[in-house]
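When we follow the numbering used here, the leftmost residue of the sequence shown carries the number 77, and every step to the right adds one.
Treat the hints with caution; some may be incorrect.
[As the list claims (entries may be wrong)] Computed Cβ-Cβ distance ranges for the label pairs, DEER-style:
1) Arg211 to Ala153: 13 to 23 angstroms
2) Ala171 to Lys104: 30 to 40 angstroms
3) Asn186 to Trp134: 30 to 40 angstroms
4) Glu188 to Thr168: 12 to 22 angstroms
5) Ala213 to Gly136: 32 to 42 angstroms
6) Thr168 to Asp200: 25 to 35 angstroms
7) Leu176 to Gly154: 24 to 34 angstroms
8) Asn186 to Asp114: 16 to 26 angstroms
9) Thr194 to Asp133: 15 to 25 angstroms
Calculated from the structure, these hints are not laboratory results. Every residue gets a Cβ at the ideal spot worked out from N, C-alpha and C, and that includes glycine.
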Amino acid sequence: MFDRLLQWTGLKAKKTPRPVTSQPATVKARPIHVTDDDFASVILGSEQLTVVDFWADWCGPCHQMSPHIGFLAEEYAGRVVVAKLDVDENPTTPARYHILGIPTVIFFQNGEAVDRHTGVLTIDGLSERVEKLLRIA
Numbered sequence: 077m078f079d080r081l082l083q084w085t086g087l088k089a090k091k092t093p094r095p096v097t098s099q100p101a102t103v104k105a106r107p108i109h110v111t112d113d114d115f116a117s118v119i120l121g122s123e124q125l126t127v128v129d130f131w132a133d134w135c136g137p138c139h140q141m142s143p144h145i146g147f148l149a150e151e152y153a154g155r156v157v158v159a160k161l162d163v164d165e166n167p168t169t170p171a172r173y174h175i176l177g178i179p180t181v182i183f184f185q186n187g188e189a190v191d192r193h194t195g196v197l198t199i200d201g202l203s204e205r206v207e208k209l210l211r212i213a
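Please build the complete structure, drawing on both the sequences and the hints.
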């Protein structure tokens, strides 16, 4: 898993595959950026498991966790919605969910918060929580 993270962040060269002309180029899945205005429709209205990273630009641990969130978006593309919400630009939603420290990750199913973690989570920690929640769903 660590090798895949290094490849995702560009720190490790990928093996060059042979070109396949019958398949279109794929676009890497990235976390979506949500705001106070669209949080309800995008996150609470989703029928898929949704992971929201509450972060801020000045937060060192948030930057440390950012590649993990990006990797999660790519790894679970089509199965899980992965989103980021900047707490400085969007103060209403963090207040609603009692975000007292960042980074905080909240996991939503059917519009309900079902799990949360404050502090840096490893890729394995994120993946374990997602897998557990996908099995329950």
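- Task: Starting from the hint 16 to 26 angstroms, judge whether the C-beta atoms of asparagine 186 and aspartate 114 obey it.
- Result: 18 angstroms Cβ-Cβ, so the 16 to 26 angstroms window holds.
- Item | Cβ distance range 25 to 35 angstroms for threonine 168 and aspartate 200, holds or violated | Holds - the Cβ-Cβ distance for threonine 168 and aspartate 200, about 32 angstroms, lies within 25 to 35 angstroms.
- Item | Range hint 24 to 34 angstroms (beta carbons of leucine 176 and glycine 154) holds or violated | Holds: the Cβ-Cβ distance is about 33 angstroms, inside 24 to 34 angstroms.
- Would you say the C-beta atoms of threonine 194 and aspartate 133 sit inside 15 to 25 angstroms of each other? holds (18 angstroms)
- Query: So does glutamate 188 sit 12 to 22 angstroms from threonine 168, Cβ to Cβ?
  - Reply: holds (19 angstroms)
- Query: Okay, asparagine 186 versus tryptophan 134 on CB: inside 30 to 40 angstroms?
  - Reply: With Cβ atoms ~33 angstroms apart, the hint holds.
- Item | alanine 213 paired with glycine 136, Cβ distance criterion 32 to 42 angstroms | holds (33 angstroms)
- Message: Given the hint of 13 to 23 angstroms, is the C-beta distance from arginine 211 to alanine 153 inside that range or not?
- Response: Given range 13 to 23 angstroms: holds, Cβ gap about 19 angstroms.
- Item | Distance restraint hint 30 to 40 angstroms, applied to the beta-carbon atoms of alanine 171 and lysine 104 | holds (32 angstroms)
The structure meets every hint from the earlier list without exception.
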